[in-house]
Every structure is written in structure tokens, then in C-alpha cells.
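Residues per chain, in single letters:
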Amino acid sequence: MADRVERLTNLLALLLETRRPLTLHEIASELESQYPDAGQARRAAFERDKAALREIGVKISTETFGGDRAGEMGYRIERSSFELPDLGLTDDEVRALQVALAATRPDSVIGEEALLKLGGVGGGVGGPIRMHLPELPALPILRSAVAQRHPVSFRYSGNVRKVEPWGLLLRDGFWYAVGFDQNRGARRTFRVDRCEGEVAIDSAVVFEPPADGDLGAALPTNPLLLGDEVAAEREAVVHISARRGWLVEREIGSERILVRHDDGSITIRLPFTNEDALRSWVLGFLDDAELLEPADVRDRLIEWLKAAV
Amino acid sequence: MAQRPATERLRRLLIILPWLMERGEVSVDEAAERFSVGVDDLIRDLELVSMCGLPPYVDEMIDVFIDEGMIFVGIPRLFTRPLRLSEVEAFELLAAGRAAMQLPGADPDGALARGLGKIAMGLGEDDMGLLVVAPTSEIVQELSQVIENRQRVEVRYQSSKDVAPTDRLLEPFVVFSSQGNWYTHAHDVSSDGLRTFRIDRIESLSVIGQAENEAPDSMPEPGIWFADADIERVKLRVAPRGRWMYERYPVDEVSPPDADGWVEVRLAVTSHQWLERLLLRLGDAVEVVDPTSMRVARSEAAARVLGRYSVKR
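Keeping their order, the protein sequence lines are chains A and B. Take the first sequence: its position 160, counted from the start at 1, is 160 in our numbering, and no numbers get skipped. Take the second sequence: its position 126, counted from the start at 1, is 126 in our numbering, and no numbers get skipped.
Take the hints with a grain of salt, since some may be wrong.
20 Å max Cα-Cα, derived EDC-like pairs, lysine to aspartate or glutamate [stated by the list, open to error]:
hint, chain 1, residue 1, chain 2, residue 2
1, A, Lys50, A, Glu30
2, B, Lys235, B, Asp162
3, A, Lys162, A, Asp172
4, B, Lys118, A, Asp86
5, B, Lys118, B, Glu87
6, A, Lys162, A, Asp202
7, A, Lys50, B, Glu87
8, A, Lys162, A, Asp181
9, B, Lys235, B, Asp284
10, A, Lys50, A, Asp3
11, A, Lys306, B, Glu300
12, A, Lys162, A, Glu198
13, A, Lys59, A, Asp86
14, A, Lys50, A, Glu83
15, A, Lys59, B, Glu8
16, A, Lys162, A, Glu208
17, A, Lys59, A, Glu135
18, A, Lys50, B, Asp260
19, A, Lys59, B, Glu125
20, A, Lys50, A, Glu63
21, B, Lys118, A, Glu6
22, A, Lys59, B, Asp290
23, B, Lys235, B, Asp290
24, B, Lys118, A, Asp91
25, A, Lys306, A, Asp263
26, A, Lys306, B, Glu287
27, A, Lys306, B, Asp284
28, A, Lys306, A, Asp276
29, A, Lys59, A, Asp37
30, B, Lys235, B, Asp260
31, A, Lys50, A, Asp37
32, B, Lys235, B, Glu154
33, A, Lys50, A, Asp92
34, B, Lys118, A, Glu83
Hints listed in this document are in silico derivations from the structure and should not be mistaken for laboratory results.
Required output: the full structure, derived from the provided sequences and hints.
Here's what the structure looks like:
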């Protein structure tokens with residue numbers, strides 16, 4: 001059997017060169033004897049090839065014929081959707097991208113290939129300042145959807161959510177998608193790693209961005225304010241012992257300090273919407289922190305601890 | 001020998017061919033090295049595509065031949081430009097670039113910013129759709145400066161083991177952010193070795209002179225430094241609602257779920273306090289399996305913290 005790369009290359013060349021869409025029958029006769037003769041086997045082999053080309057990023061446009069060929073499908077590849085336009089990147093810009101990848105995604109094969117396409121090389125060592133970027137399969141499609149303003153749908157906490165994504169936010173080591181949840185009719189924040197299965201993009205629809213236009217401002221940056229079921233914002237009051245006080249003050253800022261006690265400990269107020277995140281934050285201090293208010297959240301925290309004894 | 005999948009070979013070829021066509025003539029070794037492919041694989045794949053074409057085969061579609069270790073490319077007709085950036089590649093570049101833009105010392109109008117702008121424009125997008133928020137404290141900024149100047153610093157450091165902060169002499173080599181926290185790999189003068197410190201636990205820092213130790217040739221990469229075999233391991237049983245824990249922290253292994261969805265997770269534990277914090281945050285969604293001496297850790301910690309809540313204030 002001929003090497004599959006050969007048939008794929010020939011198919012690619014044919015669909016790029018043709019001036020009009022070709023039917024599977026025409027494709028098979030052009031690529032003499034490279035596809036099986038039997039209809040069903042031929043269709044299956046062609047579908048596999050289409051999927052392989054799609055996997056490497058080649059978009060095959062499909063057209064349904066009318067007239068006396070009604071119902072037949074025609075295929076071709078638009079050269080403009082195939083070729084990378086000249087981006088006009090200078091050498092130092094390509095090198096800066098290489099350094100950025102080395103500092104954030106040192107082992108990314110995909111990043112290396114992208115650099116090679118742009119005329120650079122992969123590899124290299126990041127500088128003394130680095131950030132590890134978590135990787136999730138849903139991120140690329142979500143980013144495209146944000147940039148092109150297409151709604152997406154995905155399963156989340158057991159339900160299908162339809163969302164107009166406004167932006168992706170990396171905070172505290174987690175990627176979040178923020179957008180307008182069409183089912184709930186309100187803004188919602190989703191942990192991208194909690195999206196279940198595939199994210200579907202609705203390319204036929206373009207949504208309006210939020211009215212204030214500033215996506216950055218629309219994204220909450222405080223982890224205590226993130227969560228998929230965003231209730232009204234509430235305020236917690238927490239007592240922090242002296243030996244952790246300075247850490248907390250640095251994290252939340254001195255304007256959140258309600259009382260500075262004589263023993264060096266502090267009482268602080270914290271806005272929150274996500275009770276789980278608040279409980280986790282408080283328990284992270286072990287016996288160096290005590291949640292004082294709200295009373296209902298304090299009661300639930302005590303129950304939580306009793307269950308853990 | 002097992003062949004690489006056809007899609008992977010074709011994808012690489014479509015990157016290699018335009019580059020070759022621009023050169024016209026290049027050695028096999030140079031091309032193989034640049035594109036990280038084996039010499040034999042490269043020759044085989046180039047010879048294969050040189051035979052590709054369409055009926056009636058009057059002109060060669062891809063005019064490539066190889067002779068004495070050199071690749072020669074004739075007048076190109078097809079595959080003269082690389083394939084457009086895929087969705088995944090675009091994400092990779094833009095996310096890396098946006099993240100690097102927020103590292104201390106990044107120039108908002110520098111080459112990286114200009115490059116990212118051109119890529120977004122090439123994709124036909126005016127908004128990258130990404131926001132990377134990695135708040136860097138003043139200490140991170142100061143440490144980056146210290147690394148650049150190759151200096152030794154004295155820090156007041158609150159380790160998770162010690163009750164009170166202690167003073168240490170450090171010569172930092174790298175600062176990095178992983179899972180939302182900033183760390184530094186530094187030479188620790190008192191223990192005379194490479195150690196990792198959490199930057200948010202540095203209370204204060206002062207420069208006290210020039211560094212005396214060279215950075216080691218290889219530094220643990222962000223994300224894998226927990227792989228250090230010296231760190232103690234525990235095995236936990238975790239309920240489905242505690243899933244965030246093994247998504248969040250670097251773990252050695254996660255077993256397949258049992259009938260109720262619980263899994264066994266093995267992970268590195270840097271200190272007993274760290275383990276206690278983790279156990280309390282998981283509540284009754286976690287049990288310690290191993291070592292057996294730690295099985296009481298959750299209930300001991302919970303009882304101690306509960307003690308705070310029973311005192312009237």
C-alpha cells in the first residue's frame with residue numbers, strides 16, 4: 001500500500017489547485033487508484049483523510065451542488081485560508097516570542113512548530129523570570145471564541161451552558177472563562193478545567209461585547225469573588241493571629257483591616273461571593289485564623305470541622 | 001521501526017517545504033536539526049513528496065532532490081508558504097506572550113508586544129481574548145533585580161515548618177510562578193545548596209553584597225520541581241468533590257476511581273503543616289491512607305482549630 005503521506009499530499013495539492021469544488025467521484029478519478037473503487041470503502045477512506053487534514057489545521061470548504069447534481073457535495077481548499085499571510089515579524093520579535101515560550105511553556109511541541117512557521121526556532125532557555133502556564137484542551141477553542149465573539153456551549157456541573165465568552169483569565173494558577181450565561185441571563189465565571197467534554201463553538205452567531213467595552217474591567221480578579229454560581233457579594237470578618245498578620249496584610253492591603261489588636265493580631269473584612277473559596281482561605285491558616293462573620297457561614301464552617309474530626 | 005503517524009509527518013513537511021524553497025539549497029543535516037527530525041526520516045519524506053503530483057504529471061509539483069547530503073529545490077509552485085497558525089498554535093503563542101508580558105521587567109512597547117500585535121492582526125483579530133493576571137509583589141520585582149545584578153541577600157523567611165520567621169542568606173538564580181504562587185530557586189548559604197523558597201513568605205529582604213556561587217547548569221523547570229525524590233510522600237483517599245486537590249497540586253499518581261468515585265492519590269508533602277491545611281480544606285472528602293502514623297492528622301488538626309471556635313470572644 002502506498003504511503004498515506006503521499007495520498008494526503010496529493011489530495012491537498014488537488015484541492016488547492018482546483019478552480020471549482022470537486023466531487024468525491026472526481027477526486028478519486030484524478031488521484032488514479034489511490035482510493036478504493038467500492039463506494040462505501042472509498043467514502044470511508046476519504047472521510048479519514050479529511051479528518052487527518054483537519055487535524056493538521058487544513059480547512060476544506062464544502063459546497064452542496066444544485067441543479068442536475070443536486071445533493072452532491074463538492075470539496076476544495078481556499079488558498080487564502082490555507083497559507084499563512086506574511087505577518088511582517090522582525091527577527092527580534094520572533095526571538096522575543098521564543099524567549100516568552102521558553103519562559104512559560106518550555107516543552108511545548110506545538111509552540112515550537114508555531115515558531116518554525118514564523119521563521120524562528122524552538123527551544124532555548126528562559127530568562128531568570130519564568131511562569132508556568134497550565135495547559136487545558138478547551139483553552140484554544142475558547143480563546144478563538146472570545147477573539148471572534150462567537151457563543152460557546154459546554155457541560156458544566158452536569159448542565160449544558162450556553163455562554164458568550166468575554167475573556168479568559170489566568171489567576172492563581174487557574175484559567176477562568178468569564179462571560180454572559182444565556183441560560184441564567186447574567187454574567188458568570190467558569191473554571192475552564194471544570195468544563196466537561198468538548199466545547200462547541202457557534203460560528204454562525206456573533207455576539208455583542210459588554211457595553212462598557214473594557215473586558216479587563218469586567219473580569220473579577222479576586223479569587224474569593226470567583227465561582228460559577230455567583231450570588232450577591234457578602235462581607236466576611238476574620239480574625240488573624242499576630243504571626244500571620246503581616247502575610248495577610250500584604251495579600252489584601254491595609255485598607256481591609258478593621259481592628260489592630262494590642263497583641264499584634266488583626267481583624268479584617270473581606271468581600272466574597274464564593275463560600276467554598278472563603279472557607280478554604282480561612283482554613284489555610286489553621287488555628288491562626290477564625291471566621292467571625294457572617295454567622296451562617298461560621299456555623300457551616302464549624303460543622304465542616306466537626307465532620308473532619 | 002515504528003513510523004511516526006502520517007499527520008505528524010505531513011504537518012512537519014508543510015513547515016519544512018516553504019523554508020527549503022526560500023533557501024533553494026541547504027544541507028540535510030542543517031534542515032534535520034532545525035526541524036528536530038531524523039536525517040533518514042527527512043530524506044525519506046522529501047523523496048516521497050517529490051514523487052507526489054497530479055495527472056498528467058507534466059510538471060513537478062514539489063521539485064526537490066537530494067544529492068550528497070544536500071537538498072536542492074527547484075522552482076516552487078505549491079506549498080510556498082507555511083500553513084496558517086492553527087487555533088492551538090495561536091493560543092500557545094499568544095498565551096505565552098501575554099504571560100511573559102506580565103513578568104517583571106517586560107517592556108510594554110518592546111519586541112514581544114509588537115510581535116503579539118502582528119500575530120493578532122494576522123489572525124484577523126483585534127482582541128486576543130486573554131488576560132493573564134499574575135500579581136507580582138514588590139519582592140518579586142526586587143528579586144529579579146537581585147538576580148540581574150548577581151547579588152546576595154538576607155531575607156526574613158517564614159517557612160511552613162518554623163513557628164516564627166528566620167533570617168537566611170540567599171543567592172537567588174531564578175524566580176518563577178507556578179500554580180498561582182511565586183517561588184525562587186536560590187543558593188541557600190547556611191545549608192550550602194540549591195533550595196526553593198516561596199516568595200510570599202519572605203517578610204523582608206536586603207542586599208548585602210555580591211553573589212559568590214554560580215548558577216547550576218540545570219535548574220528544576222517550573223512545574224516539575226516537586227518531583228524531588230527526597231520529599232516525603234503521603235497517600236490519600238479522595239472523594240469526587242475533592243477532585244480540585246489533585247487537579248491543583250502536583251501529584252505522583254492518581255488511581256482509577258473505585259465504585260463510589262473515590263481515588264487514591266500519592267503526592268509530595270513539604271511539611272506537616274502543609275498537609276494539615278490540605279486535609280482541613282478537604283474536610284470529610286479525604287482520608288490519609290499512608291503512612292499510617294498520619295491517619296490521625298486530619299482529626300487532630302480539625303479538633304485544634306475547632307478549639308478556637310469554642311472560645312467566646
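Hints, verified against the model:
no. : hint                 : result
1   : A:Lys50 to A:Glu30   : holds, 16 Å
2   : B:Lys235 to B:Asp162 : violated, 24 Å
3   : A:Lys162 to A:Asp172 : violated, 25 Å
4   : B:Lys118 to A:Asp86  : holds, 10 Å
5   : B:Lys118 to B:Glu87  : holds, 16 Å
6   : A:Lys162 to A:Asp202 : holds, 10 Å
7   : A:Lys50 to B:Glu87   : holds, 18 Å
8   : A:Lys162 to A:Asp181 : holds, 6 Å
9   : B:Lys235 to B:Asp284 : holds, 16 Å
10  : A:Lys50 to A:Asp3    : holds, 16 Å
11  : A:Lys306 to B:Glu300 : holds, 11 Å
12  : A:Lys162 to A:Glu198 : holds, 13 Å
13  : A:Lys59 to A:Asp86   : holds, 19 Å
14  : A:Lys50 to A:Glu83   : holds, 18 Å
15  : A:Lys59 to B:Glu8    : holds, 17 Å
16  : A:Lys162 to A:Glu208 : holds, 15 Å
17  : A:Lys59 to A:Glu135  : violated, 25 Å
18  : A:Lys50 to B:Asp260  : violated, 41 Å
19  : A:Lys59 to B:Glu125  : holds, 18 Å
20  : A:Lys50 to A:Glu63   : holds, 15 Å
21  : B:Lys118 to A:Glu6   : violated, 34 Å
22  : A:Lys59 to B:Asp290  : violated, 52 Å
23  : B:Lys235 to B:Asp290 : holds, 5 Å
24  : B:Lys118 to A:Asp91  : holds, 13 Å
25  : A:Lys306 to A:Asp263 : violated, 29 Å
26  : A:Lys306 to B:Glu287 : holds, 15 Å
27  : A:Lys306 to B:Asp284 : holds, 9 Å
28  : A:Lys306 to A:Asp276 : holds, 16 Å
29  : A:Lys59 to A:Asp37   : violated, 26 Å
30  : B:Lys235 to B:Asp260 : holds, 18 Å
31  : A:Lys50 to A:Asp37   : holds, 18 Å
32  : B:Lys235 to B:Glu154 : violated, 37 Å
33  : A:Lys50 to A:Asp92   : violated, 37 Å
34  : B:Lys118 to A:Glu83  : holds, 16 Å
Figure legend: structure checked against the earlier numbered hints; hints not met, in rising order: 2, 3, 17, 18, 21, 22, 25, 29, 32, 33.
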